[in-house]
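Chemist: These protein sequence lines are chains U and D, in that order.
Counting from 1, one number per residue, gives the positions in the first sequence under my numbering.
Counting from 539, one number per residue, gives the positions in the second sequence under my numbering.
Source of the hints: derived by calculation from the structure; they are not laboratory data.
It is possible that part of the hints are untrue.
Computed spacing ranges between beta-carbons, pair by pair [to be verified]: (1) D:Leu653 x U:Leu341: 43 to 51 Å; (2) D:Pro772 x U:Val386: 21 to 29 Å; (3) U:Arg533 x D:Asp737: 14 to 22 Å; (4) U:Arg336 x D:Gly750: 27 to 35 Å; (5) D:Asp754 x U:Asp532: 39 to 47 Å; (6) U:Thr4 x D:Asp654: 28 to 36 Å; (7) D:Leu653 x U:Phe420: 16 to 24 Å; (8) D:Asp615 x U:Asp400: 53 to 61 Å; (9) D:Leu567 x U:Ala428: 22 to 30 Å.
For each residue, glycine too, the CB sits at the ideal point set by N, CA and C.
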Amino acid sequence: MGRTWLSVITAAVLTASSLGVFVARRCTQGAEPGARLGDASWNVTLVAAGTLGAQETSITLVLPPAFRHQHIFDERFQSKELLHRAVKSKDPSHREVAWKRASTTGNQPVRFTYSFRCVTGVRQPTAAMVHHTRLIDAAPIEDTALKPSAGVESDHQEILQAARQALGTAESAVERARALFDYVARVENEPGLDSPSALECLRAGNGNAGSKSRLLVALCRSQGIPARLVSGLILAGDQEQGLHHWAEAWVDHEWLPMCPTYQHFGRRVFPKNYLIVTLGDSGLFRGAQVPLKHGFLVQAFEDSTAEGSAPHSIWQKLWWRLSLYRLRPAEQHVVRFLLLLPLAALIVSVFRTVIGVFTYGTFAPALLGLAFLDLRALHWGLVIFVATVLVGWAMRHMLDRFHLLLVPRTAALLTLIVSFLLILIVLAGHYGISGTLYISLFPLVILTHMVERFWTVEVEDGAAASFKTLLGTLLVAVAVSMALSPAAVSQWMFRYPETLGIVLAAELLIGRYTGYRLTELYRFDELLRDEDRNGGTV
Amino acid sequence: MTWWGRFRRLRRLGVLGMNRRNSECILDLNPRSRFPLVDSKRRMRDLCGAIGVPTPQIHAALSSHSALHFLPGLLADRQDFVIKPDRGAAGRGILVIIGRNGKQFVRNNGQCLNLDDIRQHVSGIISGLFSLGGWMDEALIQQRVVPDPAFERISFQGTADVRVLVYKQAPALAMLRLPTRKSDGRANLHQGAVGAGLDLVTGIVHRAAWCGRLTDRHPDTGEEVLGFQVPHWPEILCMARRVSEAVQMGYLGVDIVLDRQQGPLLLEVNARPGLAIQIANGRGLLKRFAEIDSEV
Chain U
1 MGRTWLSVIT AAVLTASSLG VFVARRCTQG AEPGARLGDA SWNVTLVAAG TLGAQETSIT
61 LVLPPAFRHQ HIFDERFQSK ELLHRAVKSK DPSHREVAWK RASTTGNQPV RFTYSFRCVT
121 GVRQPTAAMV HHTRLIDAAP IEDTALKPSA GVESDHQEIL QAARQALGTA ESAVERARAL
181 FDYVARVENE PGLDSPSALE CLRAGNGNAG SKSRLLVALC RSQGIPARLV SGLILAGDQE
241 QGLHHWAEAW VDHEWLPMCP TYQHFGRRVF PKNYLIVTLG DSGLFRGAQV PLKHGFLVQA
301 FEDSTAEGSA PHSIWQKLWW RLSLYRLRPA EQHVVRFLLL LPLAALIVSV FRTVIGVFTY
361 GTFAPALLGL AFLDLRALHW GLVIFVATVL VGWAMRHMLD RFHLLLVPRT AALLTLIVSF
421 LLILIVLAGH YGISGTLYIS LFPLVILTHM VERFWTVEVE DGAAASFKTL LGTLLVAVAV
481 SMALSPAAVS QWMFRYPETL GIVLAAELLI GRYTGYRLTE LYRFDELLRD EDRNGGTV
Chain D
539 MTWWGRFRRL RRLGVLGMNR RNSECILDLN PRSRFPLVDS KRRMRDLCGA IGVPTPQIHA
599 ALSSHSALHF LPGLLADRQD FVIKPDRGAA GRGILVIIGR NGKQFVRNNG QCLNLDDIRQ
659 HVSGIISGLF SLGGWMDEAL IQQRVVPDPA FERISFQGTA DVRVLVYKQA PALAMLRLPT
719 RKSDGRANLH QGAVGAGLDL VTGIVHRAAW CGRLTDRHPD TGEEVLGFQV PHWPEILCMA
779 RRVSEAVQMG YLGVDIVLDR QQGPLLLEVN ARPGLAIQIA NGRGLLKRFA EIDSEV
């Protein structure tokens with residue numbers, strides 16, 4: 001009894017202190033000290049669709065750089081018809097992805113999505129971001145930022161004339177840039193789908209963001225001011241949009257942003273919600289003859305707190321200091337997974353001790369459940385898992401003929417299972433079935449061990465027993481995966497890591513549970529029936 | 539019947555459940571430090587030798603793969619023997635050879651094995667395929683116990699044994715475990731052996747259960763099991779008591795076989811004995827524990 005009381009009291013203390021921390025956090029508004037990475041977080045999805053001609057094999061997509069105060073993470077690529085591969089570039093700040101077609105048969109309609117999350121106004125840029133900033137914002141080495149280019153006819157007489165006229169008496173570099181900017185800003189905004197070149201814009205006296213920015217770049221270049229075209233997104237609300245364009249000029253040893261469409265000039269007043277996607281004239285896609293239809297969907301990311309971002313009270317500063325949100329995104333990902341592990345283990349404890357389900361391995365079902373969770377497609381996970389175990393078991397029977405020693409035999413089994421999965425992946429790819437791409441997430445070594453155990457149990461205790469245990473394993477894995485799949489669970493644990501104290505308390509209490517397991521209520525049926533027969537004590 | 543109803547009735551009957559067995563019997567009464575002794579059949583043999591309890595003879599112990607080449611020599615002139623893992627659990631990995639057929643070895647279920655098959659099996663044992671926790675293990679070549687003729691009628695292709703569950707050095711419940719076709723000659727209840735509850739005073743079978751259900755006959759031989767008198771009963775009880783005193787564990791399953799010539803032999807000791815003995819006897823262990831506690 002002493003030990004049980006000790007467990008109960010410890011559990012009570014743990015629960016009380018966890019609740020204490022939780023309540024204190026809530027009362028001092030420190031529940032979400034997070035998302036203070038920057039000003040705001042956004043979820044951006046690019047959807048592009050078009051038709052690839054018979055000669056075209058790939059499309060190159062330019063990815064937004066993570067630099068200055070914009071952080072890009074959690075990038076996902078999806079397409080049924082195309083495979084994506086990162087393009088290696090000498091310049092690490094220039095990121096591209098090549099979409100290649102899987103089959104080469106004539107014209108093919110294609111569609112792909114690229115989504116990422118970003119934080120703007122990052123206060124503490126990572127080392128990589130600082131490095132990229134240094135590369136991208138370096139002084140223009142060659143005169144690429146001065147030469148005329150497609151749509152930027154900076155050597156044309158009319159452009160030169162307009163520039164000279166616009167400059168007037170401006171002398172310093174900033175004043176000259178400002179004068180040119182003002183000139184273009186006065187050009188009428190004419191939202192249109194196709195963007196004419198700088199010259200056409202000048203002649204027409206109106207243009208959309210793209211052509212006005214090109215005109216500004218052309219004017220700057222004509223006057224010897226290095227300038228470049230910038231394309232990106234204005235992050236706001238939940239809306240669909242196309243690329244916006246503006247320009248940057250190299251003035252006083254830094255790139256000066258200018259948006260002639262909405263009339264923002266200079267870094268100080270430039271809006272913080274401009275996200276740079278591409279720099280220069282290259283455009284978003286390369287390699288497709290027929291332009292792709294595309295659009296961006298911008299959504300505010302749920303744990304963003306755009307207003308009141310700075311911690312106010314001492315308490316909030318304390319919570320902020322202790323908060324997991326302070327971690328870098330990659331670390332946050334690891335922490336989120338780690339926080340789910342104790343919960344998964346708790347669920348396994350309940351199944352084993354209170355319900356009495358038998359499984360292969362103690363925590364193997366927990367890991368399996370978390371793998372299912374990562375798949376985001378439970379049915380696929382189940383199918384692949386059961387197929388692998390059964391095929392592995394058949395292979396194990398084959399291997400038995402060779403009479404191999406334990407460790408080499410297990411290694412051989414692992415090799416066979418991997419081969420099976422490879423065949424599965426190739427076949428699935430051939431028939432265009434998605435979902436198998438995630439096989440790599442499976443804990444293969446655990447799977448191999450499970451096959452070995454399945455075989456041993458089958459040989460010794462019969463097929464019924466081995467399938468029963470397999471079913472138990474699946475049951476627990478599915479329960480873990482379903483219980484932990486709502487995003488709110490992970491979010492909660494991340495926000496209130498003190499919950500671990502309550503998890504620990506629950507584990508202590510289950511550890512001292514000496515009552516019957518649910519399955520035992522039926523195991524001793526014969527004893528109960530005895531009592532019924534005798535109508536009294538046994 | 540509701541779950542809660544079943545729960546309360548089981549508790550009233552004093553049935554010991556798995557959780558309670560693990561925490562209050564094994565964790566509290568069986569010190570962890572004594573487990574290696576009990577789990578190793580070889581060390582148990584040495585201990586029994588010291589306290590004068592007879593055990594089956596161990597002819598040889600093979601502890602490495604390199605020792606496998608001694609195997610043909612060791613088996614050359616043996617007609618019958620048993621190969622088992624030193625630290626096996628639940629009767630796993632036990633190979634009983636009852637005779638020779640030329641170069642082949644005949645198993646208790648009639649199957650014929652080559653020397654190669656036996657070498658494979660021994661290698662599996664050494665690699666830890668059958669041992670608790672999958673650690674490296676030793677393979678023992680042991681004397682085959684020739685069962686007392688009294689058991690022939692009521693067991694199928696195997697050796698019946700007596701399991702005495704000892705609580706704090708006092709026998710709490712006992713049962714006779716009879717191999718069946720389903721259990722493949724093994725005497726483990728969860729593998730399909732018959733569990734026959736024994737009267738502690740007389741050693742007479744008073745009740746028998748097979749696969750969780752009551753029975754009064756052996757499922758394969760059809761012979762009546764109820765009323766069977768286990769020979770050498772007082773000796774068996776005495777052995778169980780002495781072994782549990784020597785092992786110093788409070789919750790112990792002592793397995794004893796009856797050899798035709800040598801009488802009762804201690805086969806092995808189990809520090810995690812199962813709960814099916816309650817079904818075989820129709821009695822809850824907790825009630826017996828309470829009785830023993832009040833006597834002490």
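Chemist: Would you list, in rising numerical order, the hints stated earlier that this structure does not obey?
Modeler: 2, 4, 5, 6, 7, 8, 9
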